[in-house]
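Trainee: Now for the letters of each chain:
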Amino acid sequence: MGYSSGIITLLAINCIASLGVSLFTGFTGIYTLGHAGYMVIGAYTAAILTVQFNLHFVLAILAGGLLAMVCAYLIGLPTLKLAGDYYTIASLGLGEAIRLIIENWESVTRGARGYPGIDNYTTLPVVLAFFLVMTFGMFYLVNSRYGRAFKACRDDYVAASLLGFNTAHCRVLSLAVSGFYCGVAGALLAGFISFIQPVMFDMAKSTELVSVVVLGGLGSMSGCLIGTAILTLVTELFRPISKYRMLIYGLVLVLVMILRPEGLMGTNELTPDYLKKHFGSGKKTAKEGE
Amino acid sequence: MLDIVQQIINGLSLGSVYALIAVGYSLVYSILLFSNFAHGGFLVIGGYICYYALMSYGAGIWTASFAAVLGAGFSAILVERFAYRPIRERTPVTLYLLIASMGMSIVIENLFVVTIGGRFRALPPVLPMQPVSVFGFATTSAFDILSLVVSVISLVALQLFLNRTKWGLAIRAASCNLRTASLMGVNVNRLIAIVFFVAGLFAAVGGIFLSARYTLYPQLGSTITTKAFVAAVIGGLGSLPGAVAGSLILGLAEMLTAGFVSSQFRDLVVFFLLIVTLIIRPSGLFGKAVSEKV
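Protein sequence lines correspond, in order, to chains E and B. Position 264 of the first sequence, counted from 1, bears residue number 264 in the numbering used here, the numbering being contiguous throughout. Residues are numbered in the numbering used here as their position in the second sequence, beginning at 1, plus a constant of 1000.
The hints are simulated quantities; they were obtained by calculation from the structure and are not laboratory data. Check each hint, because a few of them may be wrong.
With a straight-line cut-off of 20 Å between C-alpha atoms, the simulated SDA-like cross-links for lysine to any residue are [as the list claims (entries may be wrong)]: (1) Lys-243(E) to Ile-1116(B); (2) Lys-81(E) to Asn-1189(B); (3) Lys-81(E) to Thr-1223(B); (4) Lys-205(E) to Leu-1268(B); (5) Lys-243(E) to Leu-1111(B); (6) Lys-81(E) to Leu-173(E); (7) Lys-205(E) to Val-1276(B); (8) Lys-81(E) to Gly-164(E); (9) Lys-81(E) to Ala-159(E); (10) Lys-205(E) to Val-1113(B); (11) Lys-243(E) to Gln-1219(B); (12) Lys-243(E) to Val-1113(B); (13) Lys-243(E) to Phe-1120(B); (14) Lys-243(E) to Val-1114(B); (15) Lys-81(E) to Ile-1275(B); (16) Lys-205(E) to Thr-235(E); (17) Lys-81(E) to Leu-1273(B); (18) Lys-81(E) to Leu-1285(B); (19) Lys-243(E) to Tyr-1217(B); (20) Lys-151(E) to Leu-1285(B); (21) Lys-81(E) to Ile-1116(B); (22) Lys-243(E) to Gly-1118(B); (23) Lys-1166(B) to Asn-1189(B); (24) Lys-1166(B) to Val-1149(B); (25) Lys-243(E) to Thr-1115(B); (26) Lys-81(E) to Asn-1163(B); (27) Lys-205(E) to Thr-1223(B); (28) Lys-205(E) to Asp-1267(B); (29) Lys-243(E) to Arg-1119(B); (30) Lys-81(E) to Arg-1281(B); (31) Lys-205(E) to Gln-1219(B); (32) Lys-243(E) to Gly-1117(B); (33) Lys-205(E) to Gly-114(E); (34) Lys-81(E) to Thr-1115(B); (35) Lys-1166(B) to Ser-1141(B).
Please take these sequences and the hints and turn them into a complete structure.
Mentor: Here it is, written out as C-alpha cells:
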C-alpha cells in the first residue's frame, strides 16, 4: 500500500471512531475518556476471529463492532446514571480496565506483547466502503427522531425528560452506537497495521478521540470529520519533526479551548446553506436552530 | 503474618504519597469543579527540579526539595493564569477547563520529552533506603517510614492552614460556593492562585517520593495522577479527608494485591475499585450526593 493511500486509510479509520465519539459527546453531551476501550475490543475480536477461526474479514469486523456495542450497552446501563464529570471519570476507569483485562488475558490475547500476523484485510476500497456507509448511517441517525432525542438530552436534560423522552434509554443507546463505531474502527485498524498491542489503545488514544471532536465542534458531525482530518494530517506532516508533534498537539488543544471553545464548526453542519451564509454574498439563510 | 504487616506498612506509605497528590487534586476540584488532568505535570516538574538541583548544582536534599516544591507551586500558578483563567472568565462550562487541562498535561509531558528526553532517570541515593525493623516483628525500609511521616506532617499542616488561617477560611467558603464567596469580598483570582500553588507544592512533595521509589520520566505524572485521581474519586471529589482515606485504601489495595496475588493485577484492582465505588456510591465515601435521577 502506498504512502498516500495509507494516510487515507488511517484517516478514514480515525473518522469512523470519531463519528462514534461525536455522537456520544457532541450530540448526547456526555464526555468520555474511555472510548479507546471499545476500539481495543473491536480490534482483538476481529484479529482473533480472522486468525484463529478463519472467519471472513467483513464478518469479523462486524462482530468486533457488535461485541463492542454489547459491552458499551452493558457498561452504560449502570454507569450512565452518573452525572457530569463522574461519568467521564468512570469511563476513564472502564476504558483502562478493558485494556488491562486484554493485556492480562494472555491465553487468548497473547498479553502485552501484542497480537501479530493479522491478515492485511483493510485495503483502501474496504475502508472507503465502511467509511461511506457508516458516515451516511450516522448523518441519517442524527437527523432522525433518535438524533433529535439525543440533542434534547444534551441541551436540557430535565426538560427533555419532562417532555416524555426516555433520557436514560437515549444515553445508553447513544453509547451503544458509539461503541459500535469505535469497535469497527478498531477492527479496521487491526487489519490495516496487522499487528495490535493493548498499549496502542490507552488513555492517550481516548483523549485524542475526544480532542478531535472538541476541535471540530461539539454537535457537528462534519466538524468532527474536519477535526479528524486536520489532526491526522498535521500528525503526518509533522512526522519529520516528530519530537514536537505531541507538544504542538497539546498546545492546539489548549489554544482552541481558550480562543474558540465551541470548536471550528460550532454546532453547524457543513451544508450548502452554511457555506453560502459564511462565504457567499447572500445573508438570507438564517441558521437553523439546533 | 509478618508479610501482612509489612505489606500494610508499604501500602500505607504508598497511599500517603498518593494522598499528597490527591489532596491537591481535590482542592482544585472543590473550588473550580473540574478535574485538573495537568496535576501530574506539577509532580513531574517538581521531580525534575529536584533531580537537576541534586545532580547539576550539588545541592543538598533539603535545598533541592525546597526548590522543587516552590518551582512546582509557581508553575501551577502559571498554568492557571495562562490556560485556565481565560476560559474561566469567558464561560462557566467546566468541561472546557477539563479539555484544556488534558491539553496542558500533554504540553508539560512533552516539554520534558523535547527538552531533556524521555529517558528514565534515577534520583541519586539521597533518601535513606536501608531496612528498618518495626517493633521487631516486621521489616520495612526507612524510605517507606520517611515518606509516611513527611506525608502525615504535610497533611496536618494543610489541615491547620485550612482551619486556622484567613485564606483557609476563604478556601473553605469558596468550596461551598465560589460566587457567593466573591460577593463576600474574597479576591477570587488570588484565592485560586493560592489553591493552585498549594496543589503544586503537594504534588511536588509526592513527586520527589515517587521518583525516588520508582524512576523519574516525563510520563510519570499521568500514570500516577490517574491513581491519585481515582483515590480522590473513591473518597469523594472535593473532600480532603475523603482524598486521604481514598488514597490509603488504594495504596493498601495495591500493595496487598502486589504482595499476595500478582503484581500484574495492581492496576486492574485500582480501576476495579473505581468502578465499584462509582456504581455503589457515586459521590464517594465522603462526597456530597451528586447523582442525577435517570
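Trainee: Compare the structure with each hint and give your call.
Mentor: Structure-based check of each hint:
1. Lys-243(E) to Ile-1116(B): OK: Lys-243(E) and Ile-1116(B) at ~11 Å, within 20 Å.
2. Lys-81(E) to Asn-1189(B): Violated, at about 34 Å.
3. Lys-81(E) to Thr-1223(B): Given that 20 Å is the threshold and the Cα spacing comes to 27 Å, the pair is violated.
4. Lys-205(E) to Leu-1268(B): Given pair Lys-205(E), Leu-1268(B) holds - Cα atoms ~19 Å apart, limit 20 Å.
5. Lys-243(E) to Leu-1111(B): This hinted pair holds, its Cα atoms lying about 10 Å apart.
6. Lys-81(E) to Leu-173(E): holds (13 Å)
7. Lys-205(E) to Val-1276(B): Violated, because 24 Å separates the two Cα atoms, which is more than 20 Å.
8. Lys-81(E) to Gly-164(E): Cα-Cα ~18 Å, so holds.
9. Lys-81(E) to Ala-159(E): OK: Lys-81(E) and Ala-159(E) at ~17 Å, within 20 Å.
10. Lys-205(E) to Val-1113(B): Holds, because 18 Å separates the two Cα atoms, which is no more than 20 Å.
11. Lys-243(E) to Gln-1219(B): Holds. Lys-243(E) to Gln-1219(B) sits at ~15 Å (cutoff 20 Å).
12. Lys-243(E) to Val-1113(B): holds (8 Å)
13. Lys-243(E) to Phe-1120(B): holds (17 Å)
14. Lys-243(E) to Val-1114(B): Distance ~6 Å between Lys-243(E) and Val-1114(B) Cα, so the pair holds.
15. Lys-81(E) to Ile-1275(B): holds (13 Å)
16. Lys-205(E) to Thr-235(E): Since the Cα atoms of Lys-205(E) and Thr-235(E) sit roughly 13 Å apart, the hinted pair holds (cutoff 20 Å).
17. Lys-81(E) to Leu-1273(B): Distance ~18 Å between Lys-81(E) and Leu-1273(B) Cα, so the pair holds.
18. Lys-81(E) to Leu-1285(B): holds (18 Å)
19. Lys-243(E) to Tyr-1217(B): Holds, because 16 Å separates the two Cα atoms, which is no more than 20 Å.
20. Lys-151(E) to Leu-1285(B): violated (33 Å)
21. Lys-81(E) to Ile-1116(B): Violated - the C-alpha atoms of Ile-1116(B) and Lys-81(E) are around 44 Å apart, more than 20 Å.
22. Lys-243(E) to Gly-1118(B): holds (10 Å)
23. Lys-1166(B) to Asn-1189(B): Holds. Lys-1166(B) to Asn-1189(B) sits at ~16 Å (cutoff 20 Å).
24. Lys-1166(B) to Val-1149(B): Not satisfied, since the Cα-Cα distance of roughly 27 Å exceeds 20 Å.
25. Lys-243(E) to Thr-1115(B): holds (10 Å)
26. Lys-81(E) to Asn-1163(B): violated (35 Å)
27. Lys-205(E) to Thr-1223(B): With a Cα-Cα distance of about 14 Å, the restraint between Lys-205(E) and Thr-1223(B) holds, given a limit of 20 Å.
28. Lys-205(E) to Asp-1267(B): Holds, at about 18 Å.
29. Lys-243(E) to Arg-1119(B): holds (14 Å)
30. Lys-81(E) to Arg-1281(B): Holds - the C-alpha atoms of Arg-1281(B) and Lys-81(E) are around 11 Å apart, at most 20 Å.
31. Lys-205(E) to Gln-1219(B): holds (15 Å)
32. Lys-243(E) to Gly-1117(B): Roughly 9 Å separates the two Cα atoms, so the pair holds.
33. Lys-205(E) to Gly-114(E): Between Lys-205(E) and Gly-114(E) the Cα gap is close to 17 Å, so the pair holds against 20 Å.
34. Lys-81(E) to Thr-1115(B): violated (44 Å)
35. Lys-1166(B) to Ser-1141(B): violated (39 Å)
Of the hints listed earlier, those the structure fails to meet are numbers 2, 3, 7, 20, 21, 24, 26, 34 and 35, in rising order.
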